[in-house]
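Student: As they're listed, the protein sequences go chains L and Z.
Once you know that position 78 of the first sequence is 78 in UniProt numbering, the rest is easy, because the numbers rise by one and skip nothing.
Once you know that position 314 of the second sequence is 314 in UniProt numbering, the rest is easy, because the numbers rise by one and skip nothing.
Hints were generated in silico from the structure; no laboratory data involved.
Within a straight-line C-alpha distance of at most 30 Å, the following computed DSS-like cross-link-like pairs (lysine-lysine) qualify:
(1) Z:Lys-213 to Z:Lys-148
(2) L:Lys-129 to Z:Lys-18
(3) L:Lys-209 to Z:Lys-135
(4) L:Lys-129 to L:Lys-209
(5) L:Lys-129 to Z:Lys-115
(6) Z:Lys-115 to Z:Lys-135
(7) L:Lys-206 to Z:Lys-148
(8) Z:Lys-99 to L:Lys-209
(9) L:Lys-206 to Z:Lys-115
(10) L:Lys-45 to L:Lys-251
(11) L:Lys-209 to Z:Lys-115
(12) Z:Lys-148 to Z:Lys-135
(13) Z:Lys-115 to Z:Lys-213
(14) Z:Lys-115 to Z:Lys-240
(15) L:Lys-53 to L:Lys-251
(16) L:Lys-209 to Z:Lys-148
(17) L:Lys-206 to Z:Lys-135
(18) Z:Lys-148 to Z:Lys-115
(19) L:Lys-129 to L:Lys-206
(20) L:Lys-206 to Z:Lys-99
(21) L:Lys-5 to L:Lys-20
(22) Z:Lys-240 to Z:Lys-18
(23) Z:Lys-18 to Z:Lys-99
(24) L:Lys-129 to Z:Lys-99
(25) Z:Lys-115 to Z:Lys-99
(26) Z:Lys-267 to Z:Lys-240
(27) Z:Lys-99 to Z:Lys-135
(28) L:Lys-5 to L:Lys-19
(29) Z:Lys-213 to Z:Lys-135
Treat the numbers as computed from the prediction; the structure is a model and nothing was measured.
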Amino acid sequence: MEWWKSFPAMDDLRLTEIKKAIDSGFLQFTRTYGVVIEDFFAPLKSFLIWSEKLAITTPWPIVVLVFSAIAYASTRSWRIALGTTVGFCLIGYLGMWEDAMKTVSMIFASTLVSIALGLPVGILMSRYKWLRVSVTPVLDVMQTMPTFVYLIPVVMLLGIGKVPGLIAVVIYALPPVIRLTDLGIRLVDAEVLEAADAFGSSPWQKLVKVQLPLALPTIMAGINQTIMMALAMVVVASMIGVQGLGQPVLKAIANQYFTLGLFNGLAIVAIAIIFDRISQAFGRRLQNVRGHEQ
Amino acid sequence: MSGLAIEIRHLYKLFGGKAGNLIALAESGLGRAEMLSAHNHVLALSDINLHIESGRIQVIMGLSGSGKSTLIRHINRLIDPTSGNVLVGGTDVTRLSVKELRQFRREATAMVFQKFALLPHRTVLDNVVYGLEIKGVARAEQERHARKWIDRVGLGGYERRLPSQLSGGMQQRVGLARALCNDAPILLMDEAFSALDPLIRVDMQSVLLDLQKEIRKTIVFITHDLDEALRLGDRIAILKDGLIVQNGTPEDIVLTPADDYVSAFVKEVNRGRVLTLSSVMRAGEPAQSPLGLTADLTLEEALSRMIAADASEAAVLSTDGVLLGRVRFTDIVAATLRTSVGTDAGLPVFAHTGCLRGSHTVSV
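Start from the sequences and build out the full structure, keeping to the hints where you can.
Tutor: This is the structure:
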């Protein structure tokens, strides 16, 4: 009755062999194709370096002004614009300016990459059912797989640095844009689509003039989620060498520096709130233009 | 551009997975009920033959589920037929390639929808230009046309509003302007006024009739409202369970309903507003009457003129003044009341018909 009490597992030797085989196979793959893959991501790397440089070298008053202006323009609320100004000034005054800018540029870059990848995939998913059926489980895996697990192969392939960090962030933050783009397009009123067809719209005209504009509030909700999830990854990404507010947090964990951790953590929270308010207000404004159709 | 003729020949539409295999059964006469019970397929349209003359308003009328919305969608092929042909100005729509069909929809047809189907993120002006924009017309030209039609449907000054800021009636004016702006010879109107309040509906019917005097398009108008059908239609086709049971002028429909189904429809209709003098006049000259009425007057109009002139008899003339015959006041009243007389026995008939509303002083 041994098999009844403990699960009849594969014997250890065989299991180790299998693991070893997969590991060495992947290692072989990284050795053979590592350089090619690195070259493939070279443009991404230069984009990341450029955006970080931009964030750091721009004089701080301009950065604060730009963010406050964007906050006001999208929310039309002095309170939120003022909160943005105060938030950034506090971050700077407490000596976290440069780290904050690195984080902001990383979020900016990974959001852009997520949109660039997610929008077309979402559009295609809304169009082809077979694609939706096959992509959805992949998205589920991306969102539920513990982050550290896919950090391992990424690091093996690309080492430590900005690009693997960005990839890790994008894998985690991409699903909402895809899902909500697909959903938004499928929710577009069938009558309006029929009207577009009746006037002889081509598929491209229908997409650009009808489906995307009408799905935009939903897509914006997806982008908002993506930004928030990217921010949530800042600390994890710092483990593989992404600079920014995550690194001091990591240091604080290792050395039990409570205040250092708290300050940087609060800085991340402040940035998250600012970005969230801005992107949400933007989505709401789009919705209001639409009015109450029914 | 003024109208193009439409010819629908042996059109069948069968909904369901094996429509292609089962269509032969439908063509050999299997009915809707048998098709559903034996093969679980819905026979939406069955052997539809319809000739629609250029520049006329053809109403297609039926209750919900009769297939009327399916039928109109075959004209611009928003729905593909299972078998049969639809010819528009000689072109067989059912044989167009995807690209040709797109071109056909851009040039030949425009459509107005029951629920308006406006683009909610676009202003009135940007909605109205949509068809021209799709065709690739220059923006200045688009706006010139659009402003003209926005004015014509009575929405001047609302160009910058969004659809959500307009009432239902105004939204459908936008829908109408959008369709007219395309200047397509064929206008398809799918229950275009059904979602509107009764008063606004009548108002929109007037707008359409006024416009039609000038634009002379071929209009296919779907409705479930007989009053609307009688008011708008040059011809009315009545659809029941996917079959056309009668197609004729409003007078044909009212005077000689083809079966009980049509009779039931026309029972409650105000005949005084539909029938014209030509259907009640007698041969010969009136004995003594200075009053001359044209043959295309409705009975209701004729009655009120005869009352005004205190005449018991009048001469019936053609539109260019030739004497056609005579008509007696009592003939008109009898024709107007035909369906009501007898059912309201014992009561003064006038009080129940509505056709003489506002003229209580009459005595026959």
